[in-house]
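These protein sequence lines are chains A and B, in that order.
In the numbering used here, each number is its position in the first sequence, counted from 1, plus 1275.
Numbering-wise, the numbering used here puts 37 at position 38 of the second sequence, and it's gapless, one number per residue.
Hint data in this document are derived by calculation from the structure and do not stem from the laboratory.
One or more of the hints may lead you astray.
[As the list claims (entries may be wrong)] Beta-carbon label-pair distances, calculated as ranges:
| no. | chain 1 | residue 1 | chain 2 | residue 2 | range |
| --- | --- | --- | --- | --- | --- |
| 1 | B | A55 | A | L1444 | 39 to 49 Å |
| 2 | B | L59 | A | L1509 | 14 to 24 Å |
| 3 | A | A1478 | B | E3 | 20 to 30 Å |
| 4 | A | K1281 | B | S29 | 17 to 27 Å |
Cβ atoms here follow ideal geometry from the backbone N, Cα and C, with glycine treated the same way.
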Amino acid sequence: MAESGKIDPMHQFAIEPLFGTDHLSIGGFNIAFTNSALYMVLAAVVLWVFVIGGMKRELVPGRWQMAVEYMTGFIKNLLIANIGDKGRKYIPYVFSLFMFILLANLLGLLPLGLVGLHPFTFTSHFTATGVLAIMSFSIVLIVGFAKHGFHFFSLFVPHGTPALMVVPLFFIELVSFMVRPFSLGLRLFVAMTAGHVLLKVLAGFVINSANASPALGLTVGTASFVLMIGISALEMLVAVIQAYVFALLTSVYLNDAENLH
Amino acid sequence: MDAEAAKLLGAGLAAIGAGIAALGVGNVFSAFLEGALRNPGAADGQQGRLFIGFAAAELLGLLAFVIAMILVFVA
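One chain only, chain A, in its complex shape (with noise of 0.2 Å):
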């Protein structure tokens, strides 16, 4: 029968400049207009249409508006829940931040291929995810030193701590507080990354085994495929998780900055 071909499941993660535009260059980095930031474009304006659509301000709201105001509660409950009163002032930038990143890993798990599209999830390059939690983190040490000045070192020495223990504890305090942006970069990165690679190398398997004999094919090829549906599901719900944790951890750590514990 047909040999069986070698899986690549990194493959679809490759950023490819599209319209011809791999050429365009500013300083000498190359500013090609990529499938990543063709997704990135096109989760801004689901997000535009979505918001704008829900922005009627009827007493009675109908579904969109229902819908909008769902999400900016959800927001809105998840910040006074972790800073308090003081949390409102973030609901622009959690919003904006939580809602992208839901579009991103969701919109990576459309079935574009049966159109013979590759969706993209631009979430699952590090340098994306980097970029948001940079983001995230600058905002904490901003709003940190504005508000607390120097005090704000106070947050690695918690409060009663012997005489003896305040300098180790201050450095092992500052560590864990540095690995901070990492680690919420790296966990969306990776989480999405691992979902999209199982998804593919199943794939594989479904493809491969029909390839190899119709009782191959119908044994593996029909048992992975159940499991790729089954993934998919998982990975819809990692999605929002993944949003949903990358947003709260946003609002934890800026309870840090705004409340010092």
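Chain B: place on chain A using the hints.
What follows is chain B alone, placed relative to chain A:
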């Protein structure tokens, strides 16, 4: 043992870390469910902490996956 084989073996060993992380994540959710079924009224208030705990346990498992990926595709 040549380098390529060693790398792939190392990646396979890293996958054990993912299995252990699965135990960790199960721990987080089982503790939450146990408490939530005893005191349902207090469950909704602790949902945030549930997801923080899940994220932390999952991250460490995903670190094992990252090491496997680095071994297979980068190093």
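Verification of the hints:
For the pair B/A55 and A/L1444, the beta carbons lie near 20 Å from each other, so the given range of 39 to 49 Å is not met. A C-beta distance of roughly 19 Å is found between B/L59 and A/L1509, which places it inside the suggested range of 14 to 24 Å. For the hinted restraint 20 to 30 Å between A/A1478 and B/E3, the CB-CB distance of approximately 26 Å keeps it satisfied. Between A/K1281 and B/S29, the C-beta spacing of about 40 Å breaks the proposed range 17 to 27 Å.
In terms of the numbered hints stated before, the structure departs from hints 1, 4, listed from lowest to highest.
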